[in-house]
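First to last, the protein sequences are chains A and B. The first sequence lines up with residues 1 to 440 when you count with our numbering. The second sequence lines up with residues 1001 to 1448 when you count with our numbering.
What the hints contain is simulated information worked out from the structure, not anything from laboratory work. All the given hints hold, so there is nothing to weed out.
Calculated lysine-lysine pairs in the PhoX-like style (CA-CA distance at most 25 Å, straight line):
1) A/K286 with B/K1082
2) B/K1089 with A/K286
3) A/K345 with B/K1089
4) B/K1082 with A/K345
5) A/K286 with A/K421
All of these numbers come straight from a predicted model, not from anything done at the bench.
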Amino acid sequence: MSAPAGNERIELEGGAVLFVEPSHTIPLVEVAVSLRSGSAHDPAEKQGLFRTTLGMLRRGARDLTARQIEDSLDRLGSEVSVDVGASIATVYGQVIERNLTPFIELLATLLESPTFPEDEYGRLKREIVADLVGARDNDRALAQRAFRRGIFGQHLYARSSAGTIAGVQPLTTEDSRAHYRKHFVKGNVVIGFSGDITRETAEHHAQRLLRSIPDGARLEDPVSAPSAIAGRRLVFVDKPERTQTQIVIGQLGTWPHDDDHVPLTVANAIFGGTFTSRLMREVRSKRGWSYGASSRMGIDRQRHSFGMVTFPAATDAAACIALQLELFTDLLEKGITARELAFIKRYLARSYAFEIDTAGKRLHQALDVELLGLPADYYSGHVTHVEAVTLEAANLALKRRLNTRDLLVSMVGTASEIEAKVREAIPELTSHDIVPFDGD
Amino acid sequence: MNAGAAEGGQWTFEGTVTFGGGEVLRYRLQNGLRVRLLVDRTAKVVSYFTWYGVGSRHEKPGKTGLAHLFEHLMFNETESLKAGEFDRKLEENGAESNAATWLDWTYYYESLPADRLALAIQLESDRMAHLVLREPQVASEKEVVANERRFRVDDDIEGAANELLYKTAYTVHPYHWPTIGWMEDIHGFSPDDCEAFYRTYYAPNNALVVIVGDIKEKDVLSKLRAAYGGIPSSVIPLEDTQPEPPQLEERRVSVRKPTPTEKLYIGYHGPALGDADHAHLTLLNEILFGGRASRLHRALVIDQEVVSDLRGWVATFRDPGLYEMHFTARPGKTAADIETILTREIERARSEGVSDDELARAKARLELATLQSMDTMSGKAEQIGFYETVLGDASASFRRLEDYRRTQAGDVLRAARRYIVDRARTVIHVLAEERAGDRQNGAAEAAE
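Okay, chain A solo, but in the shape it has when bound:
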């Protein structure tokens, strides 16, 4: 008997939900235990609490020590990892199929009986702090952090799910115990299986995992709609000896429930979503200024950001920013062309095959729809929606959702060498700040 498609929603007891996406090409099984809540629930003074709490699941459970857990995971040919975003937190597992049953038993133990030992808690916090310090080596991440903070200000999306040093250091095991009890309840859980597994086996293992989780209702999302920034701002992250810069330019973007969401994402694909996009052609192909040039529309439960990303040499940074602003202005004033629209529709429709070519990808689509509250046909109807986009709708969406007035330019570079030139390259700049790269 062939199993049903993975986007079939199977309701389990207590409000939990299961998705299964079978594929028997290789003997691997992936499991995702997702929570309908994420780091947006971290208190302002405890940023990093969700990450720390989930990290503790493998640091002691029932009578197992952290070392015993790690040994068991390895012995089974398995991996466990956690991923925390603003709206969703997930415990992922992957295992060689022949060891699926003992792996599920182990995973259920981790979810059911974490012990939060004090010594491991202190050790994990020190590891996270070291990671946060080490992340200062990553210029792209520094530019993205500055962009997120600049675009969202005091809004919850401004925060990093990774946490801050000031937020992680004061955490206590009681903070994490309380957080665990609050979020690991049946109504807040969505389980997914993909790979070498049948629906029947998946349901059996999902029931086992669910027995480890107490009853309780899903949590309310604390995130409100964000407000747009006003004016043109520059946030310059100052780091010594940069021969290259990392630049993100953008503003608020789209929301999956906007009636013009698809037309806007289609227009964005023309501007910076492919290797032959306008940005790529002008910045990389014609001028050789940046190895990469792209633009992206993020999605979440609330409106997220639109951002253009480039990384030109320091000597080209000011000119590159000026060019990007010109290209963006041109996009909004003149719109996309019918020829561009026809091209991108063919690309998006035909390349959709690669969005669904593995069981894991199909499962993640189903989880996204469920956890982010996306329209039910967000992925399954993608090709139809794209093909229905008209030139007028795409150009109207650009004018309606984006503007050239309110833009944040965030970048990493060496301020003493190029910051003044960058300021000159941004007409009507209303504010500019230089921030150190090694701040929290």
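With chain A's structure known, arrange chain B on it following the hints.
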């Protein structure tokens, strides 16, 4: 057996090899083009890889980075396609494409909807023989590559340190220089340099085409022959490579970088990928570095808390590569702190060996990693192409699993003693730059 002798030359069927639950079909065209096909109908897509037997090891001093520059030039103009048309045609048909260059090889790939395979055959055969290499194309891509070098090496601490590691560990073998090339060499390439390189190495008898996906064997062979059959072979020059002489003394280099934490990069001279000891040393590496239960993670991250990140890798090169070890110190900790513990653990591996339980766990982890690499059509095609190009064996990824299963603790002990030799290692030490009015780089606050 000959599988056809129509226009474009004959196919020679070279047999099949098993690949997991499937079978790789092996063919060779009269002009030397090798083809490997794996039928996989689990998704309506196909992956098309073209591997060329040329990498940075085939370059000469003063012309480093040429193989990698081609990774860019090959997406440019051909005699029948204007600049930008290559990518445009692929995107219009929903295809993904990219390329990679390393020491021993270069590959190009397209992943397409299954009914678009003919486009990949047309484009790849076209650029194998008809690339246009004039000044504007070369000049523009040189600038892009210079920016890529800034991104991957000059402003990237790990990239810069890794480049220095190989530069120091190798003195005569071409693994001495980086695949992306020295910056002055990148700026110096002329269209003539590119043309000579192209005419020499971009030829059917130096290429391997791997196709995995929802394909029909007969149809694919017919299209390949029509597209590639008329491309002449080239004379591939004798590879004039000097083997690296044994390293007889430890080499140490210290550099300062704007980083909040010290880094340590160590390279021991290891085995070639085709050496039987490669699997043994890979298992040892898994026991030392693989996951939170590994020896070095326990010692350096959990017990002593001197490291925030660590990785080990036994280079998978045709000639003997390095057994690389990378460590990032915690704020306030030093490379010396790391080395003290590392020395103890390495001595333990060389004297006591590993336990059967450690070995079993390492084997399970490597089996998991191998299966993970086969998740997509392109993952399978890459595995087939990589092992066929480097070892001449399309199914070697599965043979390696057998090698791992057969490995005994004594094999691992012997590999540890043979390759982890302190006097033959290279050490790169990255120190944090001292700055006027230094803000403590987070070390003080982190150490509280």
